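Undergrad: Sequence:
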Amino acid sequence: MPKVTSVIVPYATYLRVYEPLAAFPEPERSHWARYARRTDRPSYQDELRRALADLAPTPPVAVPVHESEDAFVLDVDGVVCVCPWRTRLRGWLALDELSEELPPPVMDAVLPPVLRRQASQDYERWLAINPDARPWIRTATWQVPINWFVLVSDEEREYDKGASVDSPPVLRYRTPMVQARRRVARGLRALKEAMDEGPLIDGLVDVGRWLEEFHPRSLVELDYGGLVHAVPAGALEDDHSAADVAEGIAALRRGDGAAAGEAYARLVERWRSVRDLRSAN
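Just so we're aligned, residue 113 is where the sequence shown starts under our numbering, counting upward by one.
Source of the hints: derived by calculation from the structure; they are not laboratory data. You may find that some hints are simply not true.
[To be verified] Here are the simulated distance ranges between beta carbons:
1) GLU374 x TRP238: 40 to 50 angstroms
2) ARG384 x LYS304: 23 to 33 angstroms
3) ARG384 x GLY190: 39 to 49 angstroms
4) GLN230 x ASP368: 52 to 62 angstroms
5) GLU140 x ASP187: 16 to 26 angstroms
6) ALA377 x GLN230: 39 to 49 angstroms
7) ALA377 x ARG294: 19 to 29 angstroms
8) PRO171 x PRO215: 16 to 26 angstroms
9) ALA148 x ALA168: 26 to 36 angstroms
10) ARG153 x GLY369: 42 to 52 angstroms
All values reported here derive from a predicted model rather than from experimental measurement. Note that CB positions come from ideal geometry on N, CA and C, so glycine has one too.
Please construct the entire structure, taking both the sequences and the accompanying hints into account.
TA: Encoded structure:
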């Protein structure tokens, strides 16, 4: 499949769920079965390039007009598992989040109010027909949310330093859905016993509810995506954030607040330089 541009689009990380074909009703199941046999499947960079291309015209295309028919595909122990892109749905959800993050004058300059109103009306009509819809992919920019690390283990960490521009570094974790759900439950129990309600607990509750929407034999993937381009190679190779999160939760479980604080401090220090890049000119 031709690429929109050769530019590498960085700074986004992803939490993906790959469901077995059996989880999809017909005729969608047959569509994904055929799709999985293709050899020209696009990458996450291709998806981002298409999104950027939609923002280039005047006026920009805030949300794709048609839903994507692409997906990521994995073979999990001989079972074909699929993670649909659902770019249009994710575009609507991202537009809501963007409205909360940017000041109104900036938001109006990026996407005029008339375009946002039209997108909102389109979403409301679509949601009335698809009330149970949910994305298979969550995206974060300039960070990996701490609650995502709760889902995975350092033993599941996969790091490839990459060999060229066409083969960039890869840092990701993959874990069975049952393990991810178990870790969420254990993490929530430890956090609620040790602290008051707050963003960390709220975020973990939210991601736990999201995971419950999927087939129990799914696979969960935490992918650093384009953020690898914002982290020095040495720091990326030494990044064991999932281990720090697991250590912090284990410390809370045994009542060792000092050890939990040390683990959290390592996380903060590791990610400070990345957060600083976000606001740099």
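Undergrad: Evaluate each hint against the coordinates.
TA: We went through each hint and held it up to the structure:
1. At roughly 47 angstroms, the beta-carbon separation of GLU374 and TRP238 lies within the given 40 to 50 angstroms, and the hint holds.
2. The hinted range of 23 to 33 angstroms is satisfied by ARG384 and LYS304, whose Cβ atoms lie roughly 27 angstroms apart.
3. One distance hint, 39 to 49 angstroms for the beta-carbon pair ARG384 and GLY190, holds here, with the actual separation near 43 angstroms.
4. With their beta carbons about 53 angstroms apart, GLN230 and ASP368 fall inside the hinted range of 52 to 62 angstroms.
5. A C-beta distance of roughly 19 angstroms is found between GLU140 and ASP187, which places it inside the suggested range of 16 to 26 angstroms.
6. Between ALA377 and GLN230 the beta carbons are some 46 angstroms apart, a value that agrees with the proposed interval 39 to 49 angstroms.
7. A beta carbon spacing of about 27 angstroms between ALA377 and ARG294 agrees with the range 19 to 29 angstroms that was offered as a hint.
8. Distance hint check for PRO171 and PRO215: the Cβ-Cβ separation is about 20 angstroms, which falls inside the suggested range of 16 to 26 angstroms.
9. With their beta carbons about 32 angstroms apart, ALA148 and ALA168 fall inside the hinted range of 26 to 36 angstroms.
10. Our hint of 42 to 52 angstroms for ARG153 and GLY369 holds, since their Cβ atoms are close to 47 angstroms apart.
In summary, the structure agrees with every hint in the numbered list given earlier.
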